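J.: Residue numbers (my numbering), protein chains in the order written: chain R, 1 to 350; chain A, 1 to 350; chain D, 1 to 350; chain Y, 1 to 350.
No lab work stands behind these hints, which were simulated from the structure alone. Check each hint, because a few of them may be wrong.
The list cannot tell twin chains apart, which means a pair is met if one copy fits it or any two copies do.
[Claimed, not checked] Result set (DSS-like, lysine-lysine): computed pairs, CA atoms no more than 25 Å apart in a straight line:
1) K65 - K46
2) K193 - K46
3) K65 - K193
Note that the structure is a prediction, hence the values are computed from the model and not measured.
Protein chains: 4
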Amino acid sequence: MPTAPPSVRIGVLGASGYTGAELLRLLLRHPAAQIRVLTAERQAGKPMAEIFPHLAPFDLPTPVKIEAVDWSQLDFVFCALPHGTTQEVIARLPHGLKVVDLSADFRLHDTAVYAEWYGHEHQAPELQPQAVYGLTELNRLGVRKARLVANPGCYPTAAMLPLIPLLLDNLIEPGGIIIDAKSGVSGAGRDAKQANLFPEISEGINAYGVGHHRHMPEMEQELRLAAGRPVSLSFTPHLVPMNRGELVTTYVRLADGVTADDLRQALEQKYRNEPFVKVVPAGVAPATRHVRGSNHCHIGVFADRPVRSAIVISAIDNLVKGASGQAIQNMNVMLGLAETTGLEQVALFP
Amino acid sequence: MPTAPPSVRIGVLGASGYTGAELLRLLLRHPAAQIRVLTAERQAGKPMAEIFPHLAPFDLPTPVKIEAVDWSQLDFVFCALPHGTTQEVIARLPHGLKVVDLSADFRLHDTAVYAEWYGHEHQAPELQPQAVYGLTELNRLGVRKARLVANPGCYPTAAMLPLIPLLLDNLIEPGGIIIDAKSGVSGAGRDAKQANLFPEISEGINAYGVGHHRHMPEMEQELRLAAGRPVSLSFTPHLVPMNRGELVTTYVRLADGVTADDLRQALEQKYRNEPFVKVVPAGVAPATRHVRGSNHCHIGVFADRPVRSAIVISAIDNLVKGASGQAIQNMNVMLGLAETTGLEQVALFP
Amino acid sequence: MPTAPPSVRIGVLGASGYTGAELLRLLLRHPAAQIRVLTAERQAGKPMAEIFPHLAPFDLPTPVKIEAVDWSQLDFVFCALPHGTTQEVIARLPHGLKVVDLSADFRLHDTAVYAEWYGHEHQAPELQPQAVYGLTELNRLGVRKARLVANPGCYPTAAMLPLIPLLLDNLIEPGGIIIDAKSGVSGAGRDAKQANLFPEISEGINAYGVGHHRHMPEMEQELRLAAGRPVSLSFTPHLVPMNRGELVTTYVRLADGVTADDLRQALEQKYRNEPFVKVVPAGVAPATRHVRGSNHCHIGVFADRPVRSAIVISAIDNLVKGASGQAIQNMNVMLGLAETTGLEQVALFP
Amino acid sequence: MPTAPPSVRIGVLGASGYTGAELLRLLLRHPAAQIRVLTAERQAGKPMAEIFPHLAPFDLPTPVKIEAVDWSQLDFVFCALPHGTTQEVIARLPHGLKVVDLSADFRLHDTAVYAEWYGHEHQAPELQPQAVYGLTELNRLGVRKARLVANPGCYPTAAMLPLIPLLLDNLIEPGGIIIDAKSGVSGAGRDAKQANLFPEISEGINAYGVGHHRHMPEMEQELRLAAGRPVSLSFTPHLVPMNRGELVTTYVRLADGVTADDLRQALEQKYRNEPFVKVVPAGVAPATRHVRGSNHCHIGVFADRPVRSAIVISAIDNLVKGASGQAIQNMNVMLGLAETTGLEQVALFP
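I would like the entire structure built from these sequences, with the hints used as guidance.
T.: Listed below in structure tokens is the structure:
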């Protein structure tokens, strides 16, 4: 019988949002995790049982404002704050404290690109070079040594788990990659917005952020690294009337002499021993409902009708592998714990 | 005050399916329509109020089997039968009877292509040349003279309303067209199938028919006609947890010197006077919920990040403009009625 | 052929909410309605095509603030303002202007009861006696003569269409009436509230306002009038993950010697000639999906297991018969138009 | 550190249905469970990864037909077969094999009542007296000694967790109990039925089985036992457009001198140390979404408007506490394992 893992004193900054709640759902069953501190802004002081009644059966700290946190009580911090506010908070943390940041603040290495897409100068540019991009399966060594991990966006996670290995192996062309993505609504957060009311979402689908979604530079950066040269990328996200789940349909051009079956075999080979990435058999279309609530990514590959083209479909739960699950996976790696610790939930279907 | 339109004695073959019910919803408010005959197979003899309780407030004929129909009582027939069985039924109709066929049976002009995609020889090849493809806005003259109109598939309708004018005007290239489509579940019909149970659909999304959906040859045929040469087409449909609605996201390559704004202006020009096709303003993303229950198609155009590329998004209600509404629109044209007669419903939102 | 009805110049106060939009959906197809003025507060000046894109195909006035309305341009006003603000607005209207008020402000005749449930004194008590409670089928004569009609709440409409006739005929006891109601989310309005976000509603059900929902005094008032003595009433509403629809399951005690079949027959007799109320056959359970988008109410009656008890189930669309449809029905009666004018939509299923 | 529990070799009969899949989801994370045998009828021989793709990441036996099972390989059997077929299967099992039966076959002790409600004679009446009704919290001692546990129905579980203690303590009257229940669609099973297609369920609600649902005799039996005399019960289930979840709204009459607060305190007292039953604070309405995927039951109590009446609301996940979770809870008790083993999932919200 294995020894119990050492305990880790954890803080979750931004515990009143959906990714915060999802971190708690998973950490409550993580054998090494001690949830010591939660923060919230407007809801500071309110018991978690009121903020998230599904957590009522559990003993959880009442959220405090960030200013009130005694950092010396913590070994590890998850930062689930809104984009933009994060960088100042992290810049002020004790240097020994390890962090996974779920926001976009440290995903872009290039200060100018950050400023272009986010409309303001970065507030902690000195930390940007330190930050490691935490697409765990593809950057495990980097994550292991990191103090600050930038947790990937949900769309980039689903899209790049298949794309990066295919680009690295020169099996697809870096040009003409078209990413048509579909997400559940929890990705839009818990803030009260008319556009996300039930009657505005239910029984309908629409694209949003067409041509200018902020996950695009993140993918351009990482895919360029994999390809060794710039990639040409089209990315269009859609909003689907479901709580969780993200399906990414990617249209790629095959390198000379390569077939769709070659892609599938390469991905199978790459991910054979990965606990969280599964290449589904030929002819099977991944579905988000089969990864709901789990940290899995399902990947399918199909030949397309036009010559030298293929379709790659990947499915994740945007709140788990697309956010909080991958964040904990990164924590496990950073702390030398078994990577699957606390992440072995079976998908909830139906 | 306008004169009442002359009355038309109508038969609906296949009244127990969703497109049959939708024909009835619309025809019950069509001032010229007299619904005289309904047919059903397994449910023949059962009152419509039991088959479709939402129609209970209305006087409707009880469905009979097709063999029992006295065709001399009818002026017009809508054929909403399953693909494959339709062709034999239509071949036996009196030659003077006008027909809109909602199945795929007469959409393909090429007997060999039909046999390739449907797996059997066509049973009424002599009627294939007569059949007119009824994408109304783009073939009004053909429809006007037709005796037999092949009503387009839902995906082809949404995809080709923008694509055909753009190809005709040489504004986009015929190669590299990628159609990523998303549909509600009513398109899958009312037959009891495990895959379409509520728990199998709700809270999830998946692609289906990847690389081999039967709407593909229909689009290849019509787009080739518009382009004057073969087109290269990728088409992937997805199933969305909603009853109605179809969103088609199409990635196109711009012809030399053409911009996305040019596409939008060309489509605005083309559809300026069309009652059912609306090009939405720049920056607005069409949403299926805004055409729910109506015969409208909303079209949006966006510049894409890669050079010389654009994104065209179109939204319809798959049961209305994608099926029964367009069928009645075609009937109106075939009979010389005002084209919008009976089709002026405002979309039902929320 | 009937003569066209005379035209009515209409103002809709509060056009940016769901009941306002639903009024417009229906009025756009009402042959006598001229939509002349729309009002909104925060969204005044914004085109309706932006506020409600499903109305984009239609020419509609841009909303103005209430202060800017020239009342002399109007023959009729629908007031779809929030509860509480309505009474001051209506008090200031020209006395000749006929009004249907969709808020709760004029539903309660008793000033003290109003103050108890709404927490403040009524601002226009002099109008309260004038206001006629507009449950059309049961108060047609009153509505016909009214200048100001208080349109019933959605729950009271569905609950009382069966209950009032049964109490009037002494077929059920006035004690022990239990009303368990289930509503779609559009009833909660279009204001941005966290509790009504898609992820907070989807895939779940809960009761709300248990023991103190504001529709209760309205039902107590009207049922007491029908029974001729106080009634004992329990009312619990629930929130269901759907846009539209309201199902009311009412548990009643039968008067001595009365059976559930007697109830059904009495209701059939009562509503035989009513265009919008349908008593479904024995054994059939009404479903909200069969009245979606229509002004119909379906009523079913069942014997219950305990002696002398029955279950009455009624289904409406909360935005149509439960709000805007009934409001237009009342307008038709007030103006001497055919009662069904503009309300003949067939339910949208699926 | 606790010793690992001894391993139990388990068979799941009926692994192709939703309750079967849910047993597997939970057993895959149960530290003592070895899933040795699965059965299915029509899908025997098909890998579980095809029957339930969400289970694809796990090694599971391929289902066989029941006739092919070597019972000597098993220590414990879950029987998730359709009602009616179960009794013959269980009658043929080796006598030493412990069983939790999730069907209704052994819930009724009275052979005559069974025959009345199920329309045929029971096929294993000799086993009926042996079967223990497994509402775990209320019959723990019985379950501990049982060889055959009849797992309660989902509605009875949610309804009786509050009702039985209240009747035992004479806090409510045995007459006039009205149970208005609302369930997600997974309770209807995975068989292909038109009535359960997505478009037939989505965006609507309806009652079903009004006055004659088969869970009624089960509740009458158990509540009579608790009350010590016959109870008068009304029970009406409704179908809600959601996958999982069951909300039961129960209207009760208070015993003389008792208040709603007394009920709440009695239930808090009763369930204080129960891991899976939580009485929520006054004023809070339980919601199914807060127990989704977990074995918890949330109970709320409210004073009602009529004198001496109260409303009790309970929420469970119909597939977990209402079926497979409670079945495993019963197994744990039968085998002397810690009762929460394998059942500590946090609810999945949103």
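J.: Against this structure, judge whether each hint is valid.
T.: Hints, verified against the model:
| no. | hint | in the structure |
| --- | --- | --- |
| 1 | K65 - K46 | within (11 Å within a copy, 39 Å between copies) |
| 2 | K193 - K46 | both (22 Å within a copy, 18 Å between copies) |
| 3 | K65 - K193 | both (23 Å within a copy, 23 Å between copies) |
In this structure, every one of the numbered hints holds.
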